[in-house]
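Undergrad: Since the structure of chain A is provided, determine the placement of chains U and F on it from the hints.
Quick note, the sequences are listed as chains A, U and F, same order.
Okay, so the first sequence: first residue is 3 according to this note's numbering, each after it adds one.
Okay, so the second sequence: first residue is 86 according to this note's numbering, each after it adds one.
Okay, so the third sequence: first residue is 59 according to this note's numbering, each after it adds one.
In case anyone wonders, no lab produced these hints; they're calculated from the structure.
Where hints are given, some of them may not hold.
[Said to hold, decoys possible] Simulated coverage check for chain F against chain U, where a stretch passes if three residues somewhere in it have a Cβ under 8 Å from a Cβ of chain U:
1) 272-279
2) 307-320
[Unchecked claim] Listing some non-contacts, in silico: residues in chain U with all C-beta distances to chain F over 10 Å:
3) N89
4) E161
5) Q205
6) L211
7) E224
8) E273
9) L293
10) L297
11) Q313
12) R360
13) L379
We put the CB at the ideal spot given by N, CA and C, even for glycine.
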Amino acid sequence: MSEAVLERPPDSQDPIAQVAPEELDLLTPKQLAWRRFKRHRLALVSGGVLIFMYFVAGFAEFFAPYATTYRNVTAINAPPMDVRFFEHDGTFHFRPFVYGYDLHINEETWAREYSENPEKLYPLRFFARGDPYELWNLFDGNLHLFIAEDETGAGYIHFLGTDQLGRDVLSRVIYGGRISLSIGMLGIGLTLILGVFFGGFAGYLGGWVDRIVQRMIEVLQSLPTLPLWMALTAALPAHWSSLRIYFGVTIILSLFGWTALARQVRGRFLALRNEDFVIAARLIGSGQNRIIFKHMMPSFMSHTITTATLAVPGVILGETALSFLGIGIRPPIVSWGVLMEQAQNYQVISMTPWILYPGLFVVIAVMAFNVLGDGLRDAADPYNTGGL
Amino acid sequence: MTDNILEIRNLGVRFRTDTGITNALNDVNFDVPRGKVTAIVGESGSGKSVTANCIMRLLQPPGEIVSGSIMFEPSEREAFDVVQVADRDPRIYELHGGLISMVFQEPMTALSPVYRVGNQVAEAILCHRQVSKEAALAEAHDMLQRVGIPDVDTRINMYPFEFSGGMRQRVVIAMALVCHPEVLICDEPTTALDVTIQAEILTLIKDLQAELHNSIIFITHDIGIVAQIADYVVVMYQGRVLEIGTVRQVLKDPLHPYTKGLLAAIPGIVPKNQRLATIATSVGDADITTPYPLKDVGDGRMVSQP
Amino acid sequence: MNTKAGDDGRILKVRHLSKTFDGHVALQDVSFDLARADTLGVVGESGSGKTTLARCILRAIDPDLGGSVEFMSEETGDWVTLSTLKHRELVPLRKEMQMVFQDPYSSLNPRMTVRQIIEEPLIVHGERDRDERLERVREMLDLVQLSQDSLTRYPHAFSGGQRQRIGIARALILRPNLVVCDETVSALDVSVQAQIINLLEDLQKTLHLTYIFVAHDLAVVRHICNNVLVMHNGVVVERGDVDDVFDKPQRNYTKLLLSAIPSPDPDIRMQPAERSILDHAEPVVEGYGLVEGPVWHDDYGLLFSDVLYGGVYAVDNARQVTPVFEHRRGIGGMVDHVDGGLVVSGKNVSLKRFGETESVLLLDRDPDNGNVGYNDITTDVHGRIYAGSLGSSPVFDDGLEPRAGDLYVIDLDGSSRIVAEDIQLTNGLGFSPDGKALYHADSRRRQIYRYEIDKAGELKPREVFFEFDSGSPDGLAIAEDGSLWVANVMRERVNGDSPHDETASQFLPGRVLVINPNGSERTAIEIPVPMCTSVCFGGAGLRTLYIVSGSNGVDGDRRGGVYRYEAPISGLKLTPAAVQPRLN
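Just chain A, same shape as in the assembly (with noise of 0.2 Å):
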């Protein structure tokens, strides 16, 4: 044993890996992966900005102040309201408050004008009961995270401003983030299905196999995508209900998304199947069935997973573009990109620039995901080992 024992420092490739205390031996390749992406901080954050909003997707019904189809008739376009604790003349408030909307007719533009009333005083209220809804279609509840009311029960709060019904911009927001992101995820499982079935038989097989799927795969990457996705939406039948039209775009959006998935997986897979530990394990005398499922899966399912992380914002994108263009998702259900269908308008953005506030919400999920990804990415690598 003593041979063994003066072995490890000569052996090292380069005085960096030389240092390798004994701790990092003991963790398994999950934990040393946890702790390189733990040093991505940015990745972190973006982790956890993900988790907060599909949190508060997911509970949009407590987290919206108001349903989808409350109207405030009095604020029509009205802008973002203010948070306060102080009032005009100086007296501060423990509770936080808002001030309801003065409504002027622009004499000149005939443009609706709202100004601060002091009068009304809206305080806000944590955990409040407000809206009646039906928690996914299943539970009934009015809990609220928070409204305004007053004393009277007048009031409300629109955080975000109004569109041009006098809907609250923040309630549409967090209810069309549900759409959206779980079309992202949704349709990235679709995605991820078709890449790895497609990918995974290219790769695996080869021969013919493989040279149909990948002229199947440059075939739809040639196409151009939009026209072709508008044509495909508009094919949906009229009559479908919201939901199926929600599924359909779905589809549609991960039908063309999984070529770029089943390349890649059909190269891990090439690559996987010549690596040496795989080699081995058919020497051993493993079935194919092991080879690919004890051997090969683990190894494949972190970079998969990487990749499918970058994928999704094309699919929320995708969903966005979409139904910008008013031929995705239909009302009444709400995603970013139906509520941004609203700004096509030049005048209105000129008017009434906060209905642009899902397009903030867009860039972050977006930017979220990529970052993740990367984060994701370089912590996958099993020999990356660099700087631990």
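TA: Leaving out everything else, chains U and F in the frame of chain A:
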């Protein structure tokens, strides 16, 4: 002008990482005699490449030089300490490729895949001397011919990927020598090559050295190569120098137990039916991990011993 | 080890193994035998096909059809043909043969613990008992000298040498008999390499393992192997006892390889051979069966015959081939005739005039006296023809008692007589430049004989002029300085098989051996295909050496062709035959 072109004294390098500090080099001392081939031999992790990077001032963070000096005395110039030269000092610029140049293990990393080899060699000249592009290309042509590239007229206009591994390494050697450096550092230049190509490259380096009389630092793990190419040998182990001497002294009469062990572990030296020694069995009770300082034991030999 | 039916001490029989990747030949016609508990080294540079060979044997890669790998299974006690089994059928045999890989990093699944990696073979082969498996894994760890607390760790926690030990433990846990080590110690530091070599040697002793050791480090191979195959461009160029091959290399490539190893002794200067010794003769035409009887003709250019598929062809300087005679199989030797035609040997010796379909018989065969035909022919300065008869042999399957052949001379008037007896196979005949000596290559005895010629023109008793260490001589040509240029068929019997079993031969690339007039070896010119059958000088100033080659005689094989090599000296042109047929 002293006999040594480089004198390395008490060189210490450490790597600072998240998980701690490693001393990659500890109190490294050796000289590089002018116009000779000095081999640094050691296994991976011995610090031989780190030493070369220090001489070239190529050490990257998280590595840092914490102590010592590298006195460099080019001919017809004043000696200076490479460690002390500021990053923006023009001497650094002269150092890289001008006074000292390097040949790496993997020739493809030293060559750009998108430029013709002639232009790459010429570029090395243009970086260091004020000559016309035509003159530089003509010189590149001569140099490529000298390193044994056949049919230079055609090949000068080819791209590195059109060359075999051995031919690429010849181009890298041409690039390294085209500015007439005083010191050539070869960092395992033949490790990636087949043995017959290796023999050709070694012969080339030896022939060019006999012609140009430059000083060579040859880094390798292969005792056979050391025996064939070196005049002097520096044996390194875990960031320390264990033994210094001429090639015959060290290989024929090793003094340090580690060197003895290393030689007894080589299949080509050990008779066929004899068991190969491992470091553990041949070192026995001898202490090779305590960093004893180098002691002069006569005949110009230095050994790390109590 | 208990001996079973068919067990003759061999564990592996490889025959004519080839592998082509997308039209690129990675491995060509490799045959060898491996004895139990032997260590066979396979050496060569990158691209030599050594790793392909190792992987084809274990069926990590499927070899091309045609070749075969037979393995002596201990379980069934009989030979199994690995190369044709379905992958499913191979599974039980995996227990008996395993592989240790080169790269200690990529050969272990980074997501499995050491325990999982080592016990995986047991699980695959149906060992259900967890405790039993753990016990076996622990045993293996002891065997490869790894500590027991390695069990729960992942590969990343180990150094290269330790990982190689894990790889060895995985390979040995099923108790295999044959272990293929593919560059197992190449990526390791010297001191670690020594440990692994020692470990492999110890394991061989305790577990009676047979190793195939693929390596590019010749010193390592010499240290641990008994036998060696030297590979170059997918072909075995030399094989034999490791010390014989390393001390007395026969082939130019082996010489180059060995000369390139830097000696660790500073007093032994490395003198690498010039790479130009690898220069092959270049092909002129290819795609024929067994090409024989080359002769240079001033009008036609080079004439050659195809023994296997018939026909006599002429090839000019532009490599244009024109048939001269058709449908005649089995022409072994040719000499041109002063009347415009060729004297050809085969079943008999006859004169074929250009443009005529009828041939004139000069010397018939004599099956009753064990003479089934003739091989090479030549002429002396007078134009008399010397022809060697084949005798009879089981090889010809002629049903006759084996009998050696004789050397005939046909005088100018067409009469013939025997001038020398006991000739096993007349593969080459030629006169010295002064006409005072006749050389005769005997491929069965692997010797060249020399007959002095006395004043009366009669042959004196022969003496052995040259003996072949490897391969056997075939046709020969003589240069103006008296040197012999002998086609050297590099066919070696694979151990233990019947000498007449053609499938048990390993053909190495052919070569032409140049022998000085004093009988010393001068140099060797190699051709890139197996079987070099004959040579002749031709071209301007007779400075081109034409080398013809053959396939191994199997129908459908078209590896025969004509090659040329610019010789540094001129050759001698045979005197045209002047023999006139005797009219009976």
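Undergrad: Next step is simple, just say for each hint if it's right about the structure.
TA: Hints versus structure:
Counting residues of the segment 272-279 of chain F whose CB falls under 8 Å from any CB of chain U gives 5; the rule of at least 3 is met. Counting residues of the segment 307-320 of chain F whose CB falls under 8 Å from any CB of chain U gives 6; the rule of at least 3 is met. With 10 Å as the threshold on Cβ separation, the claim that N89(U) sits away from chain F holds: the shortest Cβ distance comes to roughly 22 Å. The Cβ of E161(U) sits about 33 Å from the closest Cβ of chain F, beyond the 10 Å cut-off, so the non-interface label holds.
Under the 10 Å C-beta cut-off, the non-interface status given to Q205(U) relative to chain F holds; the minimum distance is some 25 Å. At roughly 34 Å from the closest C-beta of chain F, the C-beta of L211(U) stays outside 10 Å, upholding its exclusion from the interface. A cut-off of 10 Å between C-beta atoms confirms that E224(U) is not in contact with chain F; the least separation is 27 Å. Every Cβ of chain F is farther than 10 Å from the Cβ of E273(U); the closest lies at roughly 13 Å, confirming the non-interface assignment.
Remark: the non-interface label on L293(U) is consistent with the geometry, its nearest Cβ contact in chain F lying 16 Å away (cut-off 10 Å). With a least CB separation of 20 Å from chain F, L297(U) remains clear of the 10 Å interface cut-off, as annotated. Non-interface call for Q313(U) relative to chain F: violated, since the shortest CB-CB distance, roughly 4 Å, does not exceed 10 Å. Under the 10 Å C-beta cut-off, the non-interface status given to R360(U) relative to chain F is violated; the minimum distance is some 6 Å.
With 10 Å as the threshold on Cβ separation, the claim that L379(U) sits away from chain F holds: the shortest Cβ distance comes to roughly 22 Å.
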